[in-house]
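Undergrad: What follows is each chain in one-letter form.
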Amino acid sequence: MGIDFIIAAIITVVGLTTPILLAGLGELVVEKSGVLNLGVEGMMLVGAISGFAVTVYTFNPWFGVLGAAAGGALASLLFAVLVLQLNSNQVATGLALTIFGTGISSLMGLSFTGRIVMPFASVFPDALAKHEYLRLIFGYSPIVYFALIMVPLTTWFLKSTRAGLILRAVGENDLSAHSIGYSVIKVRYAAIAFGGAMAGIGGCYFSMVITPMWAEKMTAGRGWIALALVVFAGWRTGRLLTGAYFFGILMALELYAKASGFSFLPSQFWAAMPYAMTVVALSFISSRGTAGANAPACLGKPFLPST
Amino acid sequence: MTMISRRTLFKGAGAATLATLASPALAEDKVKVGFIFLGPIGDYGWTWAHNKGREAVEAELGDKVETIYVENVAEDASAIPVLRDLAQQGCKLIFTTSFGYMDQTLEVAAEFPDVKFEHCTGYKRSDNVATYNSRFHEGRAVLGTIAGKMTKSGVVGYLGSFKIPEVVLGVNSFALSAQKQNPAVVVKVLMIDSWFDPPKEAAATETLINLGCDLVTTHTDSPAPLQVLEQKGLFGFGQGADMSAFAPNAHLTAIEDIWGPYYIERTKAILEGTWTSTDTWDGMIDGEVVISPYSAAVTADAAAAADSVKAGYMDGSFNIFTGPIYDQDGVERVKAGEVMGLGDLATMDWFVKGVESAA
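Going down the list, the protein sequences come from chains E and Z. Sequential numbering from 1 applies to the first sequence in my numbering. Sequential numbering from 1001 applies to the second sequence in my numbering.
I should point out that these hints are in silico values taken from the structure, not numbers from a laboratory. C-beta atoms are modelled at their ideal positions from N, C-alpha and C, and glycine is treated no differently. Do not take every clue at face value.
As the list claims (entries may be wrong) - What follows is a list of derived Cβ distance ranges for each label pair: (1) Z/Glu-1111 <-> E/Ser-183: 31 to 41 Å; (2) Z/Ala-1296 <-> E/Phe-63: 52 to 62 Å; (3) E/Thr-58 <-> Z/Ile-1164: 50 to 60 Å.
What the hints assert, rightly or not - Straight-line distance between alpha carbons at most 25 Å, and here's what the computed PhoX-like set of lysine-lysine pairs gives: (4) E/Lys-301 <-> E/Lys-159; (5) E/Lys-159 <-> E/Lys-130; (6) Z/Lys-1064 <-> Z/Lys-1180; (7) E/Lys-301 <-> E/Lys-186; (8) Z/Lys-1232 <-> E/Lys-130; (9) Z/Lys-1152 <-> E/Lys-130.
Unchecked claim - Stretch-level coverage of chain E by chain Z, calculated; a stretch enters the list once three of its residues show a Cβ under 8 Å from a Cβ in chain Z: (10) 7 to 13; (11) 111 to 123; (12) 203 to 214; (13) 223 to 231.
Given these sequences and hints, build the entire structure.
TA: Shown next, in the form of structure tokens:
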């Protein structure tokens, strides 16, 4: 088992991790603002087709990523109008967004089935990107670096900026934030749109990087793993990064174990691992008595200032 | 063509009843044929090919038929209400196009004795349930022959879905054919427990490549593995349909599933009232399994060997499951000169020598 082998395995793990990391980061910010959006899977699919379609038309993957972000954000705004303006139930609306996103992405994708684009691969020169060892650092799509940069940026935003503080205040106690003059609705709109854009970019990682094509339902449930990831991480960005890679390693481990001929555990066990680990992490967190401190207090509750 | 989702199906059932009341004559003119599909019709693989078959029925029989299909039907109890609804909508013939619908098909068929059902790749039949299948393994023998000629590392990947007879047959046919060209070939099997999961199919292909495979064939439904192979400059095969558009360089050839003729034949049998419960297992000779044109990358040597396998199946002179065949542990399972019958093949659950697999 040489160094090449390990590098190739790590590259596979990065590929598995990046989409859930992006979508998870977006959802974390949404949940920090007190909104639970279960529509991640749907937004990822809309992002996947939007990014692909824009790339087909513009031949420019950078525009494609922007298109994916816009597509995901637009889809999320639909959710935002329903839950913020009409105070609809967030859980039900989020699930509806997933169903809607699945359907609308299939519809949008009808004329794109069977087409391909150039994969949005590394922008570094081949001497670095395809180098035997250096590809470990330079061999990825720009989206991978974007995801990694967004982790400290989101942390900094939430912890150290005024806007981040307001967002957290809105998520912890919307009525108080409202009473001192912050617009709860506007903050939540922004957070939801950010979450949609990030899910969209996560989705286009499938349609533009891993497999540069469009196929219906191609995210195959990764949105749900991203949702589990946010809970697993206890709404902390650092832990979200660790958790995403932990899930990615688990997914790769399943494949490597099976391809190497190990069958010590049934594959269903591996498939259930991310969710099982989330339950374990939740139990662990709550046994230490900090779960209440981590989960935003207003998570999933409608904002009703008049009552 | 009527396109429906599982949700609008209920509405559709109501509307169909109304339509029947309003114009009974019209409703009797057309025979309704239903299909349930495992994946989306845009998967460019398994479901796509079945949908092509459905379209062929409409093209051939025109006004005499109306086809209805439901996509993305899970292989669990949720298939039961979907089937019931199709039957209640007046379908006289319903095709259930995946192995996992077997028991659900029989259950609903028992409730609707006047409706005929056709279950794909299964082995349980009743008075109104027929089964049909393709001898995909004949196509796999052609692919295996090419793989055996073209692999340099001697390690070939086989990306599978589940360990069911159809996939086991495919693996064995592929491995035996590759070993005929190069006895040292090892086939690494990786089952991903899904028919359609592009990200997982892609990651699994990367895994197989990293474990030394320089050629990967797929028994899952999306073109994702081919796209990974394309990016790595390696080779593979299309599954269910010609997938060369997705990977112009990596795509050597493909097994195309041609269901149209069978679907037309069975629908005609309903129109003529001659339908009986049968067990059909057609292959290359019947035009149900077709090999796509070879790409330029297929060497002349490999093409010649593949053509002779193809010709052997077309005139019935060749069968890859001819002994001696040894299992993974080296035990002789088929004696020299013996040929495995279709009955044995349909229940094959062991891998041949040279196959590396988990369980």
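Undergrad: Check the structure against each numbered hint from earlier and tell me which ones fail, lowest number first.
TA: 1, 2, 3, 5, 6 and 13
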